[in-house]
Amino acid sequence: MGKFWEKDWIKRLLKNKAAVVGLIIVLLLSFTAIFAPVLAPYDPIKDGSLQNRLKAPSSEHLLGTDKLGRDILSRIIFGARISVEIGVISVGLALIVGTLMGLTAGYYGGFLDSILMRIVDIILAFPSILLAIAITSVLGPSLNNAMIAVGIVMVPSFARVVRSTVLSLKEMEFVEAARAVGANDFTILFRHILPNSMAPIIVQGTMNIGTAILDAAGLSFLGLGAQPPTPEWGAMLVDARELLVKAPWVAFFPGLAIMLTVLGFNLLGDGLRDALDPRLKQ
Amino acid sequence: MMQPLLEVRNLKKYFPVVKGFGPFKEIRWLKAVDDVSFTLHKGETLGLVGESGCGKSTTGRAILRLIEPTSGEVIFQGENIIALSQKEMRKKRREMQIIFQDPFASLDPRMTVKEIIAEPLRVFKTRENIKKRVEELIEKVGLSRSHLDRYPHEFSGGQRQRIGIARALALNPKLIVCDEPVSALDVSVQAQVINLLEDLQKEYGLTYIFIAHDLSVVKHISQRVAVMYLGKIVELGPVEQIFNNAKHPYTKALLSAIPVPEPGAKKEKIILEGDVPSPINPPAGCSFHPRCSGKKPICIEVMPDLVEVEKGHVVRCHLYSGEVKRGI
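Residue numbers (full-length UniProt numbering), protein chains in the order written: chain A, 1 to 282; chain B, 1 to 328.
Take the hints with a grain of salt, since some may be wrong.
Pairs of lysine-lysine, DSSO-like flavour, derived with a Cα cap of 27 angstroms [to be verified]:
hint : chain 1 : residue 1 : chain 2 : residue 2
1    : A       : K170      : B       : K114
2    : A       : K170      : B       : K19
3    : A       : K170      : B       : K42
4    : B       : K140      : A       : K170
5    : B       : K19       : B       : K114
6    : A       : K170      : B       : K87
7    : B       : K12       : B       : K132
8    : B       : K92       : A       : K170
9    : B       : K131      : B       : K92
10   : A       : K7        : B       : K114
11   : B       : K174      : B       : K42
Simulated from the structure, these hints should not be mistaken for laboratory data.
In this text the structure is predicted, and so the values were computed from the model without any measurement.
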């Protein structure tokens, strides 16, 4: 096997300018999340004072302060941690459940397929944010429950993508060859079919991280996700709502952070899809 | 007489063809393999020939239960493997292997050659040293150890086919179904792969079912040949008999289509009229009658049985059965 960066798909990815922009945004976000305590000039929660409230951006507070006098830059930097956590955990949850559902439905077909795919259809019948709201209101508002809700809402996209890939892969001769040497279903599914369906799963995962962050921010905005004083971007927007005219920076910067993050993951996801899809190979 | 290694009795595989739905649903059956029987002794090679879509590959796969047969018996070393449970069948698979037609589709693109060849050994958790065995196998099929860490896409068609052969050999099988193993390869490479298969047969006493549509390849490698047409065996016999003394009109037509490697050589070609009928709705009587030059009234109505014309040489044709001879 060649070196990682010599692989064809990596080369194709790096040739795609939009994907590189996406990759840079995602890397910056990850870097910010990991080194938040070093990067942030103030504590995101404790360093507030009412004398400092609603200060416009200045050299002291680069992005200004909110209504409790907390530094917005520091809160956004710590918010990156939460956003990355939301993205990874909820997408991870959806990926595991959805992939298992898709593998089972696609490989075994028949009755099992019908049952699993009807469950998927039911979930898809609800607008995603509405279903997420319903789930969090049942589980109770908290960041963890918001992640679970967002994860559940995203299960169908993985289940469908994996199922359709499995349907085409299971007819391949190398799968038949594995069966001919006596491999059982488990081996065939996890050693042959799953590794060969990784490309669409990775693409789906990357694209969904952006959506997950957006949905979780939406839930927090509605008071169903992260609770104050957690520096979550969606929750920061709620506080800013009534201050839009008086102190626009309080709403602007968390909103910008959400937008850039979602954009980054979407650009990267699009780029990965183009790079990994062999049909586009020349 | 010695017990045959493999005995196939009345093997059938019908695929349902569903048209419409609900109360308008109409199920018809595509008879891919229709009542195929033959026996095979240890060390022998049976060539299975016929046009595309005549059921050769389906027969090969049904014998290995890679496709579940609709009915019939496959008796392998005295045991009917069709009656085995899935779990028992998996264990049986180490005795019977398959080499696929398409060397590009039959190797997992995400696995190294080492992993591909080691897979059967892993599945059966053989005690022997897997690494050593894989190295032995790769050299046996004429590749080198340095190829083991590469991926299938780095190899040519012939090399990939050798990898497929190494995988099939890994468990020391007794029977190997070769499903058109050379038809995807260049002619020069074909000969190498055929020679390899022959050498391996001699060394390990392997038994082959060799599926092909290239008659010259079959003539070279097989001791006996079965000719299939629309899911049925129409003629089966020793290779010399089939090639020098073919009885069935279809076999004659097939043989006349072999190109003669001699410029200017004159040869009578029998050009068959029409196309192969659909196996969903095969013609009544002898399924070959619409294209047969020597058809008799009885051929349109009655499906002929296999009759023995010489020892070990059977034909499914009324011209050789009692009825026509008696003048009906």
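Taken at face value, is the distance from the CA of K87 (chain B) to the CA of K170 (chain A) at most 27 angstroms?
Distance of about 20 angstroms is within 27 angstroms: holds.
With a cut-off of 27 angstroms on the C-alpha distance, tell me whether K174 (chain B) and K42 (chain B) pass.
holds, 8 angstroms
For a C-alpha distance cap of 27 angstroms, please report whether K170 (chain A) and K19 (chain B) respect it.
Holds. K170 (chain A) to K19 (chain B) sits at ~24 angstroms (cutoff 27 angstroms).
Next pair to validate is K140 (chain B) with K170 (chain A); report whether the Cα-Cα distance is within 27 angstroms.
Judged against 27 angstroms, a Cα distance of about 30 angstroms means the pair is violated.
Taking only the CA atoms, is the gap from K19 (chain B) to K114 (chain B) under or equal to 27 angstroms?
Given that 27 angstroms is the threshold and the Cα spacing comes to 45 angstroms, the pair is violated.
Under the criterion that the straight-line Cα-Cα distance not exceed 27 angstroms, is the pair K92 (chain B), K170 (chain A) satisfied?
Since the Cα atoms of K92 (chain B) and K170 (chain A) sit roughly 22 angstroms apart, the hinted pair holds (cutoff 27 angstroms).
Below or equal to 27 angstroms on CA atoms is what counts here, so check K131 (chain B) against K92 (chain B).
holds, 24 angstroms
Take a quick look at whether K170 (chain A) and K114 (chain B) sit within 27 angstroms of each other, Cα to Cα.
holds, 22 angstroms
Pairwise hint evaluation, K132 (chain B) against K12 (chain B), where the allowed Cα distance is 27 angstroms at most
Not satisfied, since the Cα-Cα distance of roughly 41 angstroms exceeds 27 angstroms.
Taking 27 angstroms as the top limit, are the C-alpha atoms of K7 (chain A) and K114 (chain B) close enough?
Holds, at roughly 20 angstroms.
Take the C-alpha atoms of K170 (chain A) and K42 (chain B), compute the straight-line distance between them, and say whether it is at most 27 angstroms.
violated, 33 angstroms
In this structure, the earlier hints numbered 3, 4, 5, 7 are contradicted, and the remaining ones agree with it.
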